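S.K.: Below, each chain spelled out in residue letters.
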Amino acid sequence: MRAFAALLGREIRLALRHPADTLAAVLFFVLVSALFPFGVGPAPETLARLAPGALFAAALLAALLPLDRLFGADAEDGTLDQLLLSGLPRGAIAAAKALGHWITTGLPLLAATPVAAALLNLPVAAWGAALAALALATALLSLLGTLGAALTLGARRGSVLLPLLVLPLAIPAVIFGAAAIEAAGAGLSPAPFLMLLGAGVSLALPLAPLAAGAALSAE
Amino acid sequence: MDEAAGAVLDVRDLACLRGDRAVFTGLSFSLPEGSALLLTGANGAGKSTLLRILAGLLRPAEGGVFWRGEDTAAEPAAHAARLRYLSHQDALKPSLTVAENLEFFARLWGGAVAPALAALALAPLADLPARVLSSGQKRRLALARLALAPAPLWLLDEPTTGLDAASVERLGPLLAAHRAGGGIVVAATHIPLPLAAPLELRL
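Sequence order for the protein chains is A and B.
Note that the working numbering numbers the first sequence so that position 21 is 21, with each residue one more than the last.
Note that the working numbering numbers the second sequence so that position 61 is 61, with each residue one more than the last.
Think of the hints as simulated: they come from the structure by calculation, not from any bench.
Remember, it's a predicted structure, so these values are computed and weren't measured experimentally.
Beta carbons are placed, not taken as given, at the ideal position from N, Cα and C, and that holds for glycine.
Please note that the accuracy of each hint is not assured.
What the hints assert, rightly or not - Coverage of chain B stretches by chain A, computed from C-beta distances (three or more under 8 Å per stretch; other residues unrestricted):
(1) 49-63
(2) 88-99
Unchecked claim - FRET-style restraints, in silico, Cβ to Cβ:
(3) A:P19 x B:L128: 41 to 49 Å
(4) B:A180 x A:L165: 47 to 55 Å
(5) B:L128 x A:T46: 52 to 60 Å
(6) A:A186 x B:E75: 51 to 59 Å
(7) B:A61 x A:D21: 37 to 45 Å
(8) A:A111 x B:F29: 55 to 63 Å
(9) B:A45 x A:R156: 22 to 30 Å
Working from the sequences, and respecting the hints, build out all of it.
M.R.: Shown next as structure tokens:
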């Protein structure tokens, strides 16, 4: 547990020293959201119709950006060897990485969600559901992305392979997340969709770090 | 198995393949407490590979590494806890300070940062970010990890790369204290290390 906290603390400290990585993901999210009104025209109804899906696609793509360095930087400078010898189970190393990614990328994206939602003219009634759905979806992406990063570590063109591996797995998150926002916008309860997202997270929570840990061992 | 009396680290019939080519085969040696083994040999002879196998980071094609008679592959976590591995890479984060870099390992293994920094004459640099260090200073910071908390097995891959003569000398007391406490050193090296009576294995 102490080693887990040490690793997580270091991930966060490193992200604070390199705020550009987090900032890049947040700006990407906001800019992609800003592009939609230009593309489909500023008609409020059209935009509001598109908003849930666009918000999700933009957030998940933004969260993918820092993933290809998740293990790559540590593998290059020798830290990964030291982590593998740290006595932490490999699954726990992956779990600390996933949690670190969510804290340093997922949470900032959530903070920027109101801006992106406003740009997409999402009804204010749906903002709460959007935040809840994105919190769960980014957590799911952090877990799946950690698995993808571990699998593509050392692969040539790993940064291209990674989204190809992870994004198909994230399709359910987009479907249920966008449905939750749409339901809230229409005055219905988003709870069933949020629960399905939550189920996805609780399934990925043990499985993705374990699989990522196994992929690290095979390195 | 004719186990030599007092052998702690026992390597039996180790073989390693790189592609189809055998890097080494039938490698066996035993090391008692307090011993030091120098690995020498040409580039590509398998010195680093052997160290990675001893650390448990690579699986050998054949044979095994035994610690007090027990196969280290059966208990990888216990084996990892008893060793310190210094690879070619220094495993430093350039944006963290010298002290912060070491602090992370102190949180993993225990031990105090300040004496470890002092052991390699890094105390005056403690608050500098690691990115401004010279390559010799980075190597010293990697070596300072050895001084954090005791571990019975040190695996050192070219520990003196980039070090000046004074720093190589400073390594002497560190290695001597480790061996006096019963510790084992296995080091791949091209230059003589400040070690008393080392064994040598030419790969």
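S.K.: Under 8 Å between beta-carbons, do enough residues of the stretch 49-63 of chain B, three at least, approach chain A for the coverage claim to hold?
M.R.: holds (count 3)
S.K.: Holds or violated: the 55 to 63 Å window for the beta-carbon distance between A:A111 and B:F29?
M.R.: holds (58 Å)
S.K.: Within 52 to 60 Å: is that where the Cβ-Cβ distance between B:L128 and A:T46 falls?
M.R.: holds (56 Å)
S.K.: Starting from the range 47 to 55 Å, see whether the pair B:A180 and A:L165 falls in it by beta-carbon distance.
M.R.: holds (51 Å)
S.K.: Check the following: the C-beta atoms of A:P19 and B:L128 are separated by a distance inside 41 to 49 Å.
M.R.: Violated, at about 20 Å.
S.K.: Would you say the C-beta atoms of B:A61 and A:D21 sit inside 37 to 45 Å of each other?
M.R.: At 40 Å between Cβs, range holds.
S.K.: Looking only at beta-carbon atoms, does the pair B:A45, A:R156 fall within the given range of 22 to 30 Å?
M.R.: With a Cβ separation near 28 Å, B:A45 and A:R156 satisfy 22 to 30 Å, so the hint holds.
S.K.: Do three or more residues of the stretch 88-99 of chain B come closer than 8 Å to chain A, measuring C-beta to C-beta?
M.R.: holds (count 8)
S.K.: At the C-beta level, are A:A186 and B:E75 separated by a distance inside 51 to 59 Å?
M.R.: Given range 51 to 59 Å: holds, Cβ gap about 58 Å.
Hint check: a violation occurs at hint 3 only; the rest are consistent with the structure.
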